[in-house]
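There are 2 protein chains.
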Amino acid sequence: MADIGEFALIDRTVRGRVHPPSTLLGPGDDAAVVAAPDGRVVATTDMLMQDKHFRLDWSSPRDIGRKAIAQNGADVAAMGARCTGFLVALGCPPHLPVSVVDELNDGMWEEATRAGAAVVGGDVVGSTQLVISITALGDLGGRSPVLRSGAAAGDVLAVHGDLGRSAAGLALLAVGDGRFPDLTASHRVPQPDYESGPAAAVAGATSMADVSDGLAADLTHIAEASSVNVDIDSGSLVLSADLVDAADALNVDAMRWVLTGGEDHALVATFPAAATLPDGWRRIGRVTAGAGSVTVDGLPLEGAPGWTSF
Amino acid sequence: MADIGEFALIDRTVRGRVHPPSTLLGPGDDAAVVAAPDGRVVATTDMLMQDKHFRLDWSSPRDIGRKAIAQNGADVAAMGARCTGFLVALGCPPHLPVSVVDELNDGMWEEATRAGAAVVGGDVVGSTQLVISITALGDLGGRSPVLRSGAAAGDVLAVHGDLGRSAAGLALLAVGDGRFPDLTASHRVPQPDYESGPAAAVAGATSMADVSDGLAADLTHIAEASSVNVDIDSGSLVLSADLVDAADALNVDAMRWVLTGGEDHALVATFPAAATLPDGWRRIGRVTAGAGSVTVDGLPLEGAPGWTSF
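Note that the protein sequences, when read in sequence, are chains A and B. Per numbering that gives the first Met the number 0, the first sequence starts with residue 0, numbered consecutively. Per numbering that gives the first Met the number 0, the second sequence starts with residue 0, numbered consecutively.
Any given hint might turn out to be false.
Said to hold, decoys possible - In silico contact screen, one side only, chain A against chain B (beta carbon under 8 Å); selected entries: (1) ASP29; (2) VAL33; (3) ARG54; (4) MET78; (5) PRO93; (6) VAL97; (7) SER98; (8) VAL99; (9) GLU102; (10) VAL124; (11) GLY141; (12) ARG142; (13) PRO144; (14) VAL237.
Stated by the list, open to error - FRET-style restraints, in silico, Cβ to Cβ: (15) A:ALA151 to B:ASP181: 21 to 27 Å; (16) B:PRO96 to A:HIS94: 15 to 21 Å; (17) A:GLY125 to B:PRO180: 25 to 31 Å; (18) B:ASP278 to A:GLY27: 36 to 42 Å; (19) A:PRO92 to B:ASP105: 39 to 45 Å.
Claimed, not checked - Covered, in the sense of this in silico footprint (three residues per stretch, anywhere, with C-beta under 8 Å from a C-beta of chain B), are these stretches of chain A: (20) 21-28; (21) 125-136; (22) 248-259; (23) 289-296.
Quick caveat, the hints were computed from the structure, so don't treat them as lab data. Where a beta carbon is used, it is the ideal one built from N, C-alpha and C, also for glycine.
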């Protein structure tokens, strides 16, 4: 890192990358210019810190790069928007091998491309620990943003994407259990379906969030912002065989991973009862009148069987 | 920091802040929504690292916050755009007093307001050293972005804002010389005139950059991107009395600060010879045919009298 210098590093990062039409001006000037055809731009930022949000001994630099983009892109999708660009600021220890930065960048570009956008700008500075700060930009395509505050009593609660698999993968990595590679992969690289957010918006979603802190925690944000209660129907939460097997192997409750595990970056949303759920969305509960509580089968989470340690 | 937790900290940061009309949706959801009336959005990011880009013993948290916003806002102005929003990601050591974060945020809000925008979103995470990562968004108002690559032989070279004062302030702080408070203040809080960028664009500027790395270095970017030579007329660079006095006190050459000192966040631009320079812009040289060189009075910087150590 310190040997090749900032400008050479930036050159390695940007050279040969293919930008979509939404990148009107890419890296190399004082700022980038990104299309905002809607006349509004969705913007969100997350900072990831080495050994807190990722570990270089648990994940490859490429996977870390992918995940950093994915978690920001999922926030754009959770507004009902499509990604139009990412900005990346890196803090790099001077002795970090350049190959690590190259692979990080490759991962970020790969996931940005999967999200339909590009890395349009960035910065790189020296640091004591590896720091990755991402900003994602998005376009609403003329629709209203889907907020956390729009859920209404009578709405259907639905989810798109997996739940609990990232938490299971993290638990397996923590004890060095390599028997469930699909679960550890889910932790290393969540795979949000970026199109599921705009699809939910088109279908009339009244509220939406991405599941970053855990289903119960993120639903609490929706319940509180909307001044409603949200009830999860546990029977609708299908547990995959490997999740159950991994929970048995670690002597924990798989349902706890599903209800409280974060970082899957699934999307959770509420829809009017009469709405047709878009492809891939599945009903997991309902919205009732209330004041911000989340329940499972009508019971407080604490008292619900199986996940008493929540 | 660690005592009050992320959510309480975010609440302290966002509560009671007044947003301009360009903030369509402020903090609190998965992402913010910012007006982009032009149909394009200008975006730039910078990461600032404690003890590398700022020192808590040299600057107040409020000044550090102001400077972090200013250096990103200046990049937006250097495209000829107006700031529409800032996103702030903070990495905070667990034992950092909450008052430091409060003052940082106050400084960032103060400067964001001065730039005509607001802090629309952010993130806060634990860190071993204080890290500030800012993304600035801007609007071009229907104009083409002013790139580094548009300078042409025959153009006039002009600057808006002070040069060398931040470098002088840094040198004074390094030796603990408190006799020139205006210069140390210039280092702690650069004061870009955000309106000077759009004004230059309206006046027909052919290229523009903000002076972050030093006049000669940033002009080299313009000269190389435009495939021209840029010649600085040293007689046009008026040295203020305090800058000369400080240089004498430290036994250095004031002109060297002016030509090579960074972080003033003045704007430098080229204009067609027939253009009328907007208010506050002053001619400091000219563009000639060439291949990317920057000269002073026609001589290479190395050979120019007074700043041979460049």
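Outcome of the hint check:
no. : hint                             : in the structure
1   : ASP29                            : holds (4 Å)
2   : VAL33                            : holds (5 Å)
3   : ARG54                            : violated (15 Å)
4   : MET78                            : holds (5 Å)
5   : PRO93                            : violated (11 Å)
6   : VAL97                            : violated (18 Å)
7   : SER98                            : violated (21 Å)
8   : VAL99                            : violated (17 Å)
9   : GLU102                           : violated (20 Å)
10  : VAL124                           : holds (5 Å)
11  : GLY141                           : violated (12 Å)
12  : ARG142                           : violated (11 Å)
13  : PRO144                           : holds (5 Å)
14  : VAL237                           : violated (26 Å)
15  : A:ALA151 to B:ASP181: 21 to 27 Å : violated (58 Å)
16  : B:PRO96 to A:HIS94: 15 to 21 Å   : violated (31 Å)
17  : A:GLY125 to B:PRO180: 25 to 31 Å : holds (30 Å)
18  : B:ASP278 to A:GLY27: 36 to 42 Å  : violated (30 Å)
19  : A:PRO92 to B:ASP105: 39 to 45 Å  : violated (31 Å)
20  : 21-28                            : holds (count 4)
21  : 125-136                          : holds (count 9)
22  : 248-259                          : violated (count 0)
23  : 289-296                          : violated (count 0)
Hint check: violations occur at hints 3, 5, 6, 7, 8, 9, 11, 12, 14, 15, 16, 18, 19, 22, 23; the rest are consistent with the structure.
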